[in-house]
Amino acid sequence: MDAIDPTAATVGVKYIYRGDEIRGPIHKITLTIPKMGSKGWVLEQFGNYLLEDGPGILRGLACTHTGSGSLELIDGIVDEATGFYPTDIAVLQNHLHPKYHACNGRRVFFSSGSVMGMWYLGIGFHHGLTLHARGGPSAAPPCVTIIWDKQTIIKAY
Amino acid sequence: MMIDPFKIKDMYVGTEPASLMRGCQIDQCGQFRLSRRDCELHSVKVITQGSSGFIELSDWSGRPLWRQPSSFSGSFVLGCFAEHGLVIMQEMAVPASIAISWREEDELLI
Numbered sequence: 252m253d254a255i256d257p258t259a260a261t262v263g264v265k266y267i268y269r270g271d272e273i274r275g276p277i278h279k280i281t282l283t284i285p286k287m288g289s290k291g292w293v294l295e296q297f298g299n300y301l302l303e304d305g306p307g308i309l310r311g312l313a314c315t316h317t318g319s320g321s322l323e324l325i326d327g328i329v330d331e332a333t334g335f336y337p338t339d340i341a342v343l344q345n346h347l348h349p350k351y352h353a354c355n356g357r358r359v360f361f362s363s364g365s366v367m368g369m370w371y372l373g374i375g376f377h378h379g380l381t382l383h384a385r386g387g388p389s390a391a392p393p394c395v396t397i398i399w400d401k402q403t404i405i406k407a408y
Numbered sequence: 036m037m038i039d040p041f042k043i044k045d046m047y048v049g050t051e052p053a054s055l056m057r058g059c060q061i062d063q064c065g066q067f068r069l070s071r072r073d074c075e076l077h078s079v080k081v082i083t084q085g086s087s088g089f090i091e092l093s094d095w096s097g098r099p100l101w102r103q104p105s106s107f108s109g110s111f112v113l114g115c116f117a118e119h120g121l122v123i124m125q126e127m128a129v130p131a132s133i134a135i136s137w138r139e140e141d142e143l144l145i
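Quick mapping for you: the protein sequence lines, in order, are chains X and Y.
Position one of the first sequence corresponds to residue 252 (the working numbering), numbered consecutively onward.
Position one of the second sequence corresponds to residue 36 (the working numbering), numbered consecutively onward.
Rather than coming from a laboratory, the hints here were simulated on the basis of the structure.
Where hints are given, some of them may not hold.
[To be verified] DSBU-like cross-link-like pairs, simulated, lysine-lysine; straight-line CA separation at most 35 Å:
no. : chain 1 : residue 1 : chain 2 : residue 2
1   : Y       : Lys80     : X       : Lys350
2   : Y       : Lys80     : X       : Lys401
3   : X       : Lys350    : X       : Lys401
4   : Y       : Lys42     : Y       : Lys80
5   : X       : Lys401    : X       : Lys279
6   : Y       : Lys42     : X       : Lys286
7   : X       : Lys350    : X       : Lys279
8   : Y       : Lys44     : X       : Lys286
9   : X       : Lys286    : X       : Lys401
10  : Y       : Lys80     : Y       : Lys44
11  : X       : Lys350    : Y       : Lys42
12  : Y       : Lys42     : X       : Lys279
13  : Y       : Lys80     : X       : Lys279
14  : X       : Lys401    : Y       : Lys44
[Said to hold, decoys possible] Label pairs and their calculated CB-CB ranges:
no. : chain 1 : residue 1 : chain 2 : residue 2 : range
15  : X       : Tyr351    : Y       : Ile145    : 30 to 38 Å
16  : Y       : Gln63     : X       : Val366    : 27 to 35 Å
17  : Y       : Pro52     : X       : Ala341    : 55 to 63 Å
Just so you know, even glycine gets a beta-carbon here, dropped at the ideal spot from N, CA and C.
Just need the whole structure built from these sequences, with the hints factored in.
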């Protein structure tokens, strides 16, 4: 069961999975704006990565090596000052809440361990795209190409 | 087979104006430059898996776009941007058979 820090009830949630907190820095991945196609980036090391800091679409994952550990993609940006996803825990814990889809810290993809193959997703994210690749019993990280688009079209409705 | 990182063979693949897609198949080890300008890596198909080595696709700036540390057959539709060119490197004891398709902005053969 996920453990929630009770002191953070009003400010957000420190994302904890099976007792493992997110540790270490969050590396920001900055890519040039593509002239054609989507943004693609290869994960080759464990860590926390901020792939996109705005709304967009997660196109898919191409996993060519499982390695060990887990892979988690989250619609949200960690507040580096606090180490929390600034969100309302009550909403984040209730998947049926009408505001759940807009939560900062919403999990959009999770696999433990990662599974080889091409995974088409097409998932929209509102706040940003954060990747947590946590280590497993061996030190071999998965090898995954992550493909996403930054939203550039402003909806008029 | 150890490949020379400084020895890159250029491959020229034409297209038709209807689709702007280009494709080729590689069955040998080495480094091949498929495109010499901005393009979109559409897909990688490993048709026959090789053994004891790796396959890597990167753009001309050296940033990896797709990597297979141990070869297995499969189809990967990526659609990601390759800046200034597209390079494939295959270093295997027994080479894999790989089909790659990509898209450039026009039909010019550069």
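Hint by hint, here is what the structure shows:
1. Y/Lys80 with X/Lys350: Given that 35 Å is the threshold and the Cα spacing comes to 41 Å, the pair is violated.
2. Y/Lys80 with X/Lys401: holds, 26 Å
3. X/Lys350 with X/Lys401: Between X/Lys350 and X/Lys401 the Cα gap is close to 22 Å, so the pair holds against 35 Å.
4. Y/Lys42 with Y/Lys80: This hinted pair holds, its Cα atoms lying about 24 Å apart.
5. X/Lys401 with X/Lys279: Given pair X/Lys401, X/Lys279 holds - Cα atoms ~15 Å apart, limit 35 Å.
6. Y/Lys42 with X/Lys286: holds, 28 Å
7. X/Lys350 with X/Lys279: Holds - the C-alpha atoms of X/Lys279 and X/Lys350 are around 27 Å apart, at most 35 Å.
8. Y/Lys44 with X/Lys286: Answer holds: Y/Lys44 to X/Lys286 is near 25 Å, not above 35 Å.
9. X/Lys286 with X/Lys401: Status holds; Cα separation ~12 Å.
10. Y/Lys80 with Y/Lys44: holds, 20 Å
11. X/Lys350 with Y/Lys42: violated, 55 Å
12. Y/Lys42 with X/Lys279: OK: Y/Lys42 and X/Lys279 at ~33 Å, within 35 Å.
13. Y/Lys80 with X/Lys279: Holds, because 30 Å separates the two Cα atoms, which is no more than 35 Å.
14. X/Lys401 with Y/Lys44: At roughly 34 Å apart (the allowed maximum being 35 Å), Y/Lys44 and X/Lys401 satisfy the hint.
15. X/Tyr351 with Y/Ile145: 30 to 38 Å: Given range 30 to 38 Å: violated, Cβ gap about 49 Å.
16. Y/Gln63 with X/Val366: 27 to 35 Å: holds, 30 Å
17. Y/Pro52 with X/Ala341: 55 to 63 Å: holds, 56 Å
Of the numbered hints given earlier, the model fails hints 1, 11, 15; all others are met.
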